[in-house]
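A.B. asks: As a plain string of letters, each chain reads:
There are 2 protein chains.
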Amino acid sequence: MDPFMQAAIDQAKKSRQEGGIPIGSILVKEGTIVGQGHNQRVQQNNPILHAEIACLQNAGRVGSYLGATLYSTLMPCYLCAGAIVQFKIKRVIVGESETFPGASEFMKSHGVEVIDLNLLECKKMMREFIETFPQLWNEDIGEL
Amino acid sequence: MDPFMQAAIDQAKKSRQEGGIPIGSILVKEGTIVGQGHNQRVQQNNPILHAEIACLQNAGRVGSYLGATLYSTLMPCYLCAGAIVQFKIKRVIVGESETFPGASEFMKSHGVEVIDLNLLECKKMMREFIETFPQLWNEDIGEL
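Quick note, the sequences are listed as chains D and P, same order.
At position 43 of the first sequence the residue is numbered 54 (the numbering used here), and the sequence of numbers has no breaks.
At position 63 of the second sequence the residue is numbered 74 (the numbering used here), and the sequence of numbers has no breaks.
Bear in mind the hints are in silico, worked out from the structure with no lab data behind them.
Where hints are given, some of them may not hold.
Think about it this way: if two alpha-carbon atoms lie no more than 25 Å apart in a straight line, the pair counts; the simulated SDA-like pairs of lysine to any residue are [claimed, not checked]:
hint : chain 1 : residue 1 : chain 2 : residue 2
1    : D       : K101      : P       : E116
2    : P       : K101      : D       : N149
3    : D       : K40       : D       : K99
A few chain D residues that don't get close to chain P, going by computed Cβ distances all over 12 Å [to be verified]:
hint : residue
4    : Q17
5    : K25
6    : G42
7    : R102
8    : I104
9    : T110
10   : N129
11   : L130
12   : L131
13   : E139
14   : E142
A partial selection of chain P residues facing chain D, derived with a Cβ cut-off under 8 Å [what the hints assert, rightly or not]:
hint : residue
15   : N57
16   : G71
17   : I152
18   : L155
Note that this is a predicted model, so its numbers are computed, not measured.
For glycine and all other residues, C-beta sits at the position ideal for the given N, C-alpha and C.
Required output: the full structure, derived from the provided sequences and hints.
C.D. replies: So, in structure tokens, the structure goes:
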């Protein structure tokens, strides 16, 4: 397993253990983790802290995102993909896109390289969560 | 002046007085302000708290955004437009789009009604800021 994706999965598991949504994200610059985060909708009652947004917040003002790679256990939604496009993060590596297709085409159309690792572990984690808390999941992706 | 846009302008002015980026945003549901915010890049050293994102964060978990209108003193960038599209906010009213064209077409292509009030006051506020702090502005929109 790619150690950065493993770190993203660890973030997702931490969130699930806290009673939250199991999605984790890692920002890597020059081979080093500069930010990490997980979804905070439940933990902080915060609707905008999707995993990727929490990760970018935790990374802080890093200046240019040139050469940075964002890892996420799940394909980013439009909110997170919008951040990726606006901040010119040119490489995104995701755990899976089967349980949620996200905004893959939108990112690609803006020149973002999107790599889907199609990991069984990530799919299992999301399937278990969505089956257990369908309403919470729909709230998180704006499907209410 | 529309009182909701006035409230967004007041948020933008507050941010400028704090030494921050002068963009403000208001979320209205059923004729009532349910969230307000302004850019927090400088004040909280936070790269993801654009005015619209800060506003959505402050509104909290409002459930469905059906019928909600988001006001912003400036046309939303892809980050903020991504949030609008993902959370199905179907109406956006902006102060101007002359100093920054933003992601207007992206929102419209996803069925968002985008109304540009083209307000001189908003344009003056942004022009003064961009001329005084060009580097900070470029950082905020990912143009480093």
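A.B. asks: All hints, please: hold or fail.
C.D. replies: Hint check results:
Straight-line distance between C-alpha atoms of K101(D) and E116(P) comes to about 22 Å, which keeps the hinted pair within the 25 Å bound. Straight-line distance between C-alpha atoms of K101(P) and N149(D) comes to about 18 Å, which keeps the hinted pair within the 25 Å bound. Between K40(D) and K99(D), the direct Cα distance comes to roughly 13 Å. Compliance with the 25 Å bound is thereby established for this hinted pair. Annotated as non-interface, Q17(D) keeps its C-beta farther than 12 Å from every C-beta of chain P; the closest such distance is 24 Å.
The beta carbon of K25(D) is kept farther than 12 Å from every beta carbon of chain P, the shortest such distance being approximately 20 Å. Its beta-carbon lying about 20 Å from the closest one in chain P, G42(D) satisfies the requirement of being farther than 12 Å from that chain. The Cβ of R102(D) lies farther than 12 Å from every Cβ of chain P, with a closest approach of about 15 Å, so its non-interface assignment holds. A cut-off of 12 Å between C-beta atoms confirms that I104(D) is not in contact with chain P; the least separation is 19 Å.
Non-interface call for T110(D) relative to chain P: holds, since the shortest CB-CB distance, roughly 16 Å, exceeds 12 Å. No beta-carbon of chain P is positioned within 12 Å of the beta-carbon of N129(D); the least distance is around 23 Å. With a minimum CB-CB distance of about 23 Å to chain P, L130(D) clears the 12 Å threshold, and the non-interface call stands. Every beta carbon of chain P lies more than 12 Å from that of L131(D), the smallest distance being close to 26 Å; the non-interface claim holds.
For E139(D), the requirement that its beta carbon stay farther than 12 Å from each beta carbon of chain P is met, with the minimum near 22 Å. Non-interface call for E142(D) relative to chain P: holds, since the shortest CB-CB distance, roughly 22 Å, exceeds 12 Å. Against a cut-off of 8 Å between C-beta atoms, the interface hint on N57(P) holds, since the closest Cβ of chain D lies about 6 Å away. A distance limit of 8 Å between C-beta atoms decides the matter here; for G71(P) the minimum to chain D is near 6 Å, and the interface restraint holds.
Using the Cβ-Cβ criterion of 8 Å, the hint placing I152(P) at the interface with chain D is satisfied: the shortest such distance is roughly 7 Å. The interface hint given for L155(P) is met, as the beta carbon of that residue sits about 4 Å from the closest beta carbon of chain D, less than 8 Å.
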